[in-house]
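With chain A held as given, fit chain B onto it using these hints.
Here the protein sequences line up with chains A and B, keeping their order. Sequential numbering from 0 applies to the first sequence in numbering that gives the first Met the number 0. Sequential numbering from 0 applies to the second sequence in numbering that gives the first Met the number 0.
Hints may contain errors.
Said to hold, decoys possible - Below, computed lysine-lysine pairings styled on DSS-like, alpha-carbon distance capped at 30 angstroms:
hint, chain 1, residue 1, chain 2, residue 2
1, A, Lys417, B, Lys3
2, A, Lys272, B, Lys5
3, A, Lys471, A, Lys272
4, A, Lys538, B, Lys79
5, A, Lys471, B, Lys79
6, B, Lys3, A, Lys538
7, B, Lys3, A, Lys471
8, B, Lys79, A, Lys99
9, B, Lys5, A, Lys30
10, B, Lys79, A, Lys96
11, B, Lys5, A, Lys471
12, B, Lys5, A, Lys417
13, B, Lys79, A, Lys417
14, B, Lys79, A, Lys272
15, A, Lys96, B, Lys3
What the hints assert, rightly or not - Label pairs and their in silico Cβ distance ranges:
hint, chain 1, residue 1, chain 2, residue 2, range
16, B, Gln41, A, Ile22, 55 to 65 angstroms
17, A, Asn201, B, Ala18, 37 to 47 angstroms
18, B, Lys5, A, Ile22, 46 to 56 angstroms
19, B, Tyr71, A, Arg555, 17 to 27 angstroms
20, A, Asp507, B, Gly22, 49 to 59 angstroms
21, B, Asp37, A, Met499, 31 to 41 angstroms
22, B, Gln41, A, Asn201, 48 to 58 angstroms
23, A, Asn337, B, Asp37, 31 to 41 angstroms
24, A, Glu320, B, Tyr16, 50 to 60 angstroms
25, A, Glu320, B, Ile23, 41 to 51 angstroms
26, B, Gln41, A, Gly429, 56 to 66 angstroms
Calculated directly from the structure, the hints in this document are not laboratory data. Ideal Cβ positions, reconstructed from N, Cα and C, are used throughout, including at glycine.
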Amino acid sequence: MSIQGWTFLIVGLTFALYIGIAIWARAATTKDFYVAGGGVSPLANGMATAADWMSAASFISMAGIISFIGRDGSVYLMGWTGGYVLLALLLAPYLRKFGKFTVPDFVGDRYYSTAARMVAVVCAVFISFTYVAGQMRGVGIVFSRFLSVEIETGVFIGMIIVFFYAVLGGMKGITYTQVAQYCVLIFAYLVPAIFISMLMTNNIIPQFGFGGTLASDPNVYLLDHLDGLSTELGFDAYTDGSKSTIDVFFITAALMLGTAGLPHVIVRFFTVKKVRDARISAGYALLFIAILYTTAPAVASFARANLLETVDNESYQEMPEWFSNWEDTGLIGFDDKNSDGLIQYTPDESTNELTIDQDIMVLANPEIAQLPNWVVGLVAAGGLAAALSTAAGLLLVISTSVARDLIRRTFVPDITQKRELLFARIAAGGAVIIAGYFGVNPPGFVAQTVAFAFGLAAASFFPAILLGIFSKTMNKEGAISGMVAGILFTAAYIIYFTFMNPEFNNADHWWFGISPEGIGALGMVVNLIIAVTVSRFTKNPPLNIRELIETIRIPRDLEK
Amino acid sequence: MLMKTKAQQYWRQNLIYLASLLGIWFVVSYGAGILFVDWLDQFRIGGFKLGFWFAQQGSMYVFVLLIFVYVYLMNRLDRKFEFDEV
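Same shape as in the complex, but just chain A (with noise of 0.2 angstroms):
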């Protein structure tokens, strides 16, 4: 069978199992809507927490992007695994026992302050929606990549899938149609990497690979053999780096902080039972993460290593099938500027002659290491289930965010649950509608706008929740003014380099060489100062505040 005929196939079935899911798993009440009835079992929630938190950037771009930038790929890999710990040891069993759905539910009722909750609701939707535009956007490059349709008929396709087991069954369909997504994403990542593993260092596993010895000659290392192809070229070394250390340590921390903050993940653990159910589901979540986010950078040292080898000083002419069928889809440009019909690959731009997208690293990875055509097919199947799978979780955060934070809680406190289910229902269609709109027209600043959704997160949620939870003194006005602070202090540097003086976004003019992507965890320590301080000068909480603090720091009801 023919790659398109494979790939019509796996895809149509992993969409069938998925609507499937969706049916059997409708919601019937708000909570099996918000959280999917209350009894996720832990390791069903680890596998929809993993599939909710990859991403289509993840599982196309991430290897291509370590490939490309060599060791400082560590910031990535850290900053999205790291994060779990936070969140594991530091919010996700207090916030179960708080026992509500929604994160701005407990920002408000901590604060005890309508107003706490509206900058939560604010903060959740916004970063929802800059995330999820390219979550569909993802969903239309994978289709018109593999299944050759337009871009726009890919987002479509996407919209309907997600619009049918969003809508249908809430947090209790996403949940279930997400193990399954992980499960194909996950078998999708490794079959190649493995295969590629075998070619390139004669090693099974990934990760071993990495550190072992060419299968061409048994006496280099790999990393030395892929250090030595790039220095000759002229790149720098690969295993060492080139971004200043404090920027490293400050992109990281952001990355993980903002992991930590993000509502689509947080809310994942108001699914299970018991507090101990979400400390064990955090611990499978990460797990099921670094199986993914540990064979990534074995990936993108294969692919860097086979590229150089492949492409360096070869002739035009004698490039393998699958250089010319990337070719064509633009991913892979050559220009020959010399013209001696040999491809020079070198940093200095008035000499290089190939232009490579980032993620070609994964998706040619099949064609490279001549798999049988049914894996590419389920590559593809793979990188549209890390899609949707994030796109939902990110809609019913919206969603719940309207239906339960600003009807219900705050405007129509009196709502049936029937009605609230039923706005809970328009709320992720409509939202669904706007995220297909921005992944048919996506704004030109996407990939500013991940930065600005971690930033965000680190420097509002994070603190807010953290305090809240650690601090019996901290109060309402010292909680909101150090996230809108956090939350100003952030959006501002970031729309001062990246938006409003680009010429600027260097080394020289950041604050203490710290990047926009950074400064997001500055923005956290603004908002702890900002809030420490302001809690001092201001009234103490209530007493059946710091009751509610005392109850969700231990697991069982006590006086019951």
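Then chain B, alone, in the frame of chain A:
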């Protein structure tokens, strides 16, 4: 009153666990993977320079372990203070 001191002791022990585990978390990622990465690169394990290994592999393995250790410690602590859920 007795309940209250029990809860305080439980919380203090929890904070001690958090401080130790987050200390390790900081040392493997920000320490070995960022601040001392170049210095550690003079040592090797297999084909990896040690600092590079911490930055792209080792820190993540430790993160996973830390959460499971935390789960074990807290479940034990819950039972000891009879704060575990029934």
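Hint by hint, here is what the structure shows:
no.: 1; hint: Lys417(A) with Lys3(B); in the structure: 41 angstroms, violated
no.: 2; hint: Lys272(A) with Lys5(B); in the structure: 25 angstroms, holds
no.: 3; hint: Lys471(A) with Lys272(A); in the structure: 26 angstroms, holds
no.: 4; hint: Lys538(A) with Lys79(B); in the structure: 36 angstroms, violated
no.: 5; hint: Lys471(A) with Lys79(B); in the structure: 25 angstroms, holds
no.: 6; hint: Lys3(B) with Lys538(A); in the structure: 24 angstroms, holds
no.: 7; hint: Lys3(B) with Lys471(A); in the structure: 15 angstroms, holds
no.: 8; hint: Lys79(B) with Lys99(A); in the structure: 27 angstroms, holds
no.: 9; hint: Lys5(B) with Lys30(A); in the structure: 34 angstroms, violated
no.: 10; hint: Lys79(B) with Lys96(A); in the structure: 19 angstroms, holds
no.: 11; hint: Lys5(B) with Lys471(A); in the structure: 17 angstroms, holds
no.: 12; hint: Lys5(B) with Lys417(A); in the structure: 43 angstroms, violated
no.: 13; hint: Lys79(B) with Lys417(A); in the structure: 43 angstroms, violated
no.: 14; hint: Lys79(B) with Lys272(A); in the structure: 21 angstroms, holds
no.: 15; hint: Lys96(A) with Lys3(B); in the structure: 18 angstroms, holds
no.: 16; hint: Gln41(B) with Ile22(A): 55 to 65 angstroms; in the structure: 59 angstroms, holds
no.: 17; hint: Asn201(A) with Ala18(B): 37 to 47 angstroms; in the structure: 44 angstroms, holds
no.: 18; hint: Lys5(B) with Ile22(A): 46 to 56 angstroms; in the structure: 49 angstroms, holds
no.: 19; hint: Tyr71(B) with Arg555(A): 17 to 27 angstroms; in the structure: 18 angstroms, holds
no.: 20; hint: Asp507(A) with Gly22(B): 49 to 59 angstroms; in the structure: 35 angstroms, violated
no.: 21; hint: Asp37(B) with Met499(A): 31 to 41 angstroms; in the structure: 35 angstroms, holds
no.: 22; hint: Gln41(B) with Asn201(A): 48 to 58 angstroms; in the structure: 28 angstroms, violated
no.: 23; hint: Asn337(A) with Asp37(B): 31 to 41 angstroms; in the structure: 37 angstroms, holds
no.: 24; hint: Glu320(A) with Tyr16(B): 50 to 60 angstroms; in the structure: 56 angstroms, holds
no.: 25; hint: Glu320(A) with Ile23(B): 41 to 51 angstroms; in the structure: 48 angstroms, holds
no.: 26; hint: Gln41(B) with Gly429(A): 56 to 66 angstroms; in the structure: 57 angstroms, holds
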